[in-house]
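Asker: Those protein sequences? They're chains D, Z, S and L, same order as listed. Residue 175 in our numbering is what sits at position 175 of the first sequence, and the numbering runs on without skipping anything. Residue 135 in our numbering is what sits at position 135 of the second sequence, and the numbering runs on without skipping anything. Residue 173 in our numbering is what sits at position 173 of the third sequence, and the numbering runs on without skipping anything. Residue 137 in our numbering is what sits at position 137 of the fourth sequence, and the numbering runs on without skipping anything.
Calculated directly from the structure, the hints in this document are not laboratory data. Hints are not guaranteed to be accurate.
Intra- or inter-copy, both count: the list cannot distinguish identical chains.
Below are the BS3-like pairs computed for lysine-lysine, each with C-alpha atoms no more than 30 angstroms apart in a straight line [said to hold, decoys possible]:
(1) 40 <-> 284
(2) 135 <-> 226
(3) 40 <-> 23
(4) 106 <-> 2
(5) 2 <-> 23
(6) 181 <-> 128
4 protein chains.
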Amino acid sequence: MKKVRIGIIGMGRIGKIHYDNLKNKVENTEVVSFSDPFFKESLEIPNLEVEALVSCKEVDAVIICSPTNTHADYISLCAKHKKDVFCEKPHDLSLPRVIESLQEVKAAGIKLMLGFNRRFDPNFLKIKKLVMDGKIGEPFLIKITSRDPAPPSLSYLKSSGGMFLDMTIHDFDMARYIMGKEVTEVYAVGGAFVSEDVISANDIDIATVTLKFEDNTMALIDNSRKAVYGYDQRLEVFGSGGMAKAENNNHDTHTLYNEIGAHSSLPLDFFMDRYTSSYLNEIKSFINSIVLGTNVSVTGEDGFQALKIGIAAGISIRENRPVKINEINQLQSIL
Amino acid sequence: MKKVRIGIIGMGRIGKIHYDNLKNKVENTEVVSFSDPFFKESLEIPNLEVEALVSCKEVDAVIICSPTNTHADYISLCAKHKKDVFCEKPHDLSLPRVIESLQEVKAAGIKLMLGFNRRFDPNFLKIKKLVMDGKIGEPFLIKITSRDPAPPSLSYLKSSGGMFLDMTIHDFDMARYIMGKEVTEVYAVGGAFVSEDVISANDIDIATVTLKFEDNTMALIDNSRKAVYGYDQRLEVFGSGGMAKAENNNHDTHTLYNEIGAHSSLPLDFFMDRYTSSYLNEIKSFINSIVLGTNVSVTGEDGFQALKIGIAAGISIRENRPVKINEINQLQSIL
Amino acid sequence: MKKVRIGIIGMGRIGKIHYDNLKNKVENTEVVSFSDPFFKESLEIPNLEVEALVSCKEVDAVIICSPTNTHADYISLCAKHKKDVFCEKPHDLSLPRVIESLQEVKAAGIKLMLGFNRRFDPNFLKIKKLVMDGKIGEPFLIKITSRDPAPPSLSYLKSSGGMFLDMTIHDFDMARYIMGKEVTEVYAVGGAFVSEDVISANDIDIATVTLKFEDNTMALIDNSRKAVYGYDQRLEVFGSGGMAKAENNNHDTHTLYNEIGAHSSLPLDFFMDRYTSSYLNEIKSFINSIVLGTNVSVTGEDGFQALKIGIAAGISIRENRPVKINEINQLQSIL
Amino acid sequence: MKKVRIGIIGMGRIGKIHYDNLKNKVENTEVVSFSDPFFKESLEIPNLEVEALVSCKEVDAVIICSPTNTHADYISLCAKHKKDVFCEKPHDLSLPRVIESLQEVKAAGIKLMLGFNRRFDPNFLKIKKLVMDGKIGEPFLIKITSRDPAPPSLSYLKSSGGMFLDMTIHDFDMARYIMGKEVTEVYAVGGAFVSEDVISANDIDIATVTLKFEDNTMALIDNSRKAVYGYDQRLEVFGSGGMAKAENNNHDTHTLYNEIGAHSSLPLDFFMDRYTSSYLNEIKSFINSIVLGTNVSVTGEDGFQALKIGIAAGISIRENRPVKINEINQLQSIL
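Go ahead and model the full structure; you've got the sequences and the hints to work with.
Answerer: Here it is in structure tokens:
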């Protein structure tokens with residue numbers, strides 16, 4: 001079988017994860033080049049300019065792990081050169097640019113997969129399957145807790161698009177994914193509680209978001225940029241026939257019992273440990289969709305919907321009112 | 001020591017719990033009479049008219065377990081006759097009547113304790129203690145899940161004041177109690193999903209409520225009138241120094257492992273099993289406050305605040321907007 | 001219905017538990033007298049000599065909670081006066097006296113129930129039911145952990161009959177009860193590790209016991225007179241179709257997560273808290289067997305078998321070899 | 001830094017694990033050849049005769065994953081050619097051959113590490129650390145449960161040396177490792193309960209073993225060749241200051257609550273999933289000991305002691321008596 005030849009744009013933390021997975025753990029594929037002006041290690045493959053990488057005939061598909069504000073442009077470039085694309089979330093911070101590049105993707109007939117890796121986590125996959133199989137009946141409410149162990153750097157924060165587009169966007173996607181329904185309205189509250197840098201970046205670091213779906217069922221999301229006890233990633237879905245929940249993955253399974261209590265391990269505290277298998281499953285899924293000629297499992301539309309929810313959440317918190325996704329749709333039609 | 005002589009108004013489920021606890025498990029007290037026109041069993045104490053019971057010289061304190069719409073009137077009566085009162089939640093559905101009767105209580109100098117029994121549950125007491133002792137640092141967010149096993153009867157629903165005043169009011173009180181702060185704003189969403197009767201009663205049966213406290217910290221509450229897996233009563237508090245949570249009490253501690261999975265017990269499914277010790281601790285606390293001449297642990301003001309939050313939640317869901325508690329204060333000043 | 005009139009011999013900790021349960025929580029019964037020369041509180045019922053209590057016409061059944069070395073004699077006395085008996089474990093430390101009194105019980109046609117209260121604990125009842133219902137297939141191995149929070153007093157230790165007859169006897173009974181088979185061989189190891197008093201009493205305080213059942217399936221028991229983390233009472237059964245286990249009952253369901261770990265509650269640390277419901281269920285079962293004229297649920301034979309296992313365990317540890325129950329049977333035939 | 005050049009003898013399941021780990025996940029090393037007459041895949045490294053592999057100048061160290069009955073011979077060969085050795089457990093089934101080859105290892109001054117990979121499992125490492133740090137005080141009792149999901153093939157069983165030397169030997173090592181003490185006496189019971197093949201192989205498939213350590217503290221081990229609910233690998237240590245236990249690693253962290261109960265995932269059911277990180281940590285430790293010139297973490301002596309316990313367990317079950325390790329020492333002196 002012919003191998004899928006991959007070029008990776010951006011060899012930061014996430015780019016490196018994809019590189020290692022593709023190199024050592026995914027069949028039918030080969031990383032042939034990358035592009036990262038700041039990457040100094042030797043990788044035995046050439047470090048090219050983006051344009052050169054995308055236009056190269058030896059490249060079948062491109063993985064975009066560069067800063068968010070380049071995503072839409074590089075997607076457009078891939079469309080131009082008819083290369084399939086896997087793009088890290090979010091698609092872009094600019095709604096018009098997202099729409100434009102989605103149209104180019106469609107016109108070019110290339111594949112575009114968005115990097116919502118958590119969909120591929122074994123815990124959340126199990127919950128999705130239980131919901132799909134009707135094990136909790138009709139789902140009424142999904143609750144997602146997502147708390148980082150520590151806030152990112154100030155420089156990262158400044159270009160992140162804000163907590164809702166950088167962090168909560170994973171949860172917006174998860175809510176849509178698990179419930180299998182579209183969100184129609186968003187209400188958000190929050191503030192800057194745990195990080196000085198967040199205040200400098202004019203951002204928030206703790207927030208709760210209420211989502212309404214099209215059938216009036218609900219989601220409750222709570223986020224924090226900092227949790228001293230580790231990376232807290234849980235969810236539960238409540239329905240007419242039961243409830244399903246996913247707990248954290250911990251460092252180990254020990255418990256110590258002594259005179260003062262029972263003591264056990266904390267959650268894994270870094271996203272690369274916590275989501276090791278989800279990153280691998282995700283990129284396997286992308287390669288498979290190319291090899292088998294099937295649809296990607298996380299579409300451009302998925303990224304677009306999550307983005308709109310994130311924008312609505314930002315308006316909600318600024319204006320202290322529930323915001324309808326339709327308002328964003330109208331906004332987009334004006335742009 | 002002289003015993004505290006108690007009269008109980010209303011010998012329904014809750015009245016009977018207080019009666020049994022006072023009779024068999026609380027020291028320094030004696031139930032001397034009760035009032036319930038529909039109660040047919042023999043209890044070896046006289047069944048009196050309410051007026052007769054409250055005015056009786058042999059009664060030191062009155063426990064009000066009659067329907068909600070009688071609470072304020074009976075509290076007024078107790079104030080008139082200078083009898084200390086323990087009143088089941090909520091105080092009343094009418095804000096003016098609550099205010100009036102609180103003024104009478106104050107003028108009469110009697111004790112008034114509200115029946116928020118969950119404050120006395122060992123799990124939630126432990127969480128309160130952890131928060132008070134600074135074990136989670138500064139608390140930013142409290143999340144409360146409260147789901148009943150099955151909806152009440154249509155007749156109950158019709159006179160209940162609606163889910164927020166009948167059921168969520170426990171959670172409003174719990175949020176204030178654990179966080180030790182006042183609520184300033186309320187946003188609620190919900191609908192009728194699980195019960196035909198709820199629709200007939202023009203009520204809702206699943207809802208989520210977002211509370212803002214005075215310092216912009218938050219609460220997320222979710223309720224359901226029906227959970228097929230039992231009585232789901234959990235909470236967690238997240239803060240700068242950690243997180244504390246309380247899980248359900250289950251039927252037993254077994255787990256069965258077989259070819260298809262690991263299987264264990266469900267939560268206790270009836271409030272009388274789940275909150276056995278909280279009801280006992282609560283009424284002991286009331287008796288103690290009389291015996292020792294100390295303040296009651298759950299005040300009329302506590303009941304009043306919870307009621308205002310409940311009223312705000314009702315407005316929020318009808319008008320689909322966040323509602324400030326100040327609006328209720330202004331409302332009350334007009335009344 | 002005529003009430004079962006009870007006399008209680010011995011009003012120590014256990015006697016008081018039975019008294020309170022019978023008085024407040026068991027229907028169709030009445031405690032009419034007790035016998036305890038050292039009991040000074042007033043109980044509103046007469047404190048009689050043992051002979052007077054047992055022979056009294058107003059007494060239908062006797063509950064024996066006096067020191068172990070009196071059990072067989074008082075059982076004989078009850079047989080003489082045709083009174084049904086509930087006797088705390090163990091039946092007696094003397095095998096001939098046990099046999100003799102069992103013969104008298106049989107000849108008199110009275111009921112004799114042994115106080116193996118743990119059979120009535122909801123956790124262990126659930127395990128028994130799972131095993132009986134075939135949920136784990138054919139049971140091959142039962143493992144029982146039973147550790148006390150702290151050793152008893154030296155005076156108690158001296159008259160206790162040793163750890164195997166005083167403490168492990170509960171586990172011997174539990175192993176027979178859950179597995180539904182007879183034990184044929186016993187191997188024990190252990191020593192005095194945690195208590196000076198235990199050394200003075202020439203006893204052991206930590207031991208493990210291996211039992212073989214008639215079909216060569218097995219039990220592993222481990223005991224300690226002291227566990228600093230509380231009263232540890234767990235078991236598991238492994239079979240051809242799965243495994244079932246019962247965990248401890250804890251003080252509450254909280255977990256605190258902070259920088260150093262996740263911290264939760266310890267097991268309930270006193271047998272009266274841990275086995276509250278088992279004591280109640282046990283005595284209800286006894287009263288029911290009298291009211292309904294049915295067989296008792298824990299028989300004299302059950303007590304006798306557990307006693308023989310305990311005696312065999314003592315020989316095993318002294319002689320460092322597996323000991324067959326048949327050896328005890330032969331021993332008994334010589335006596 | 002010069003890389004440690006490795007030759008692997010035996011490219012079965014375990015050999016392949018070491019190969020993959022060394023190739024992709026361990027620094028400072030390189031697999032340069034292997035020897036396996038039955039291995040047909042292409043690995044880009046030469047498949048040599050054993051003698052050629054061991055004697056090759058390009059090989060610094062040898063990993064022995066061939067059938068047990070070749071281990072001692074290949075260790076001798078490595079000693080002859082002064083190659084460091086990592087050898088899978090057990091060292092050999094023949095005590096004289098073990099002793100002989102250990103003497104050759106010593107004389108040659110090569111490193112010999114035994115493949116007790118479970119010592120490197122994060123759960124058990126944590127327990128070891130807790131014990132070493134005195135967190136449970138003086139350890140009195142270790143309990144180890146080790147149950148395989150399904151019995152091996154008849155052919156494997158026939159050359160395995162029996163359950164004690166093939167399977168329980170891991171637990172014998174674990175008991176010594178965690179407790180940090182030598183075993184002095186062994187008592188085993190068991191039988192063939194779950195597998196027809198085991199009967200054909202004249203072996204047992206369920207057993208419990210009681211170990212006494214030099215200070216009379218104890219171990220309880222229970223094994224089964226088959227557990228329908230997966231690979232059950234737990235242990236607990238009880239001591240004067242507390243208790244520490246390690247639970248299984250499960251497939252995921254979900255729980256489903258419905259009308260009939262709470263349902264969650266089973267243990268990982270294959271040793272390669274369960275012990276992924278322990279195999280990696282183990283081989284890293286071996287490579288490190290060569291690179292840094294330090295002692296290996298699991299010595300030939302460790303393998304020898306575990307083997308003697310296993311032989312004693314076999315005698316114990318045949319002769320139905322406790323067997324002292326000294327008996328094996330005397331046996332060995334006769335050989």
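Asker: For every hint, state whether the structure bears it out.
Answerer: Structure-based check of each hint:
1. 40 <-> 284: both (27 angstroms within a copy, 27 angstroms between copies)
2. 135 <-> 226: Only across copies: residue 135 and residue 226 sit 16 angstroms apart there, 34 angstroms inside one copy, limit 30 angstroms.
3. 40 <-> 23: both (19 angstroms within a copy, 23 angstroms between copies)
4. 106 <-> 2: Classified as within; 25 angstroms inside a copy, 53 angstroms across copies.
5. 2 <-> 23: Classified as both: same-chain Cα gap 16 angstroms, cross-chain 24 angstroms, threshold 30 angstroms.
6. 181 <-> 128: Within one copy only: 13 angstroms inside, 38 angstroms across.
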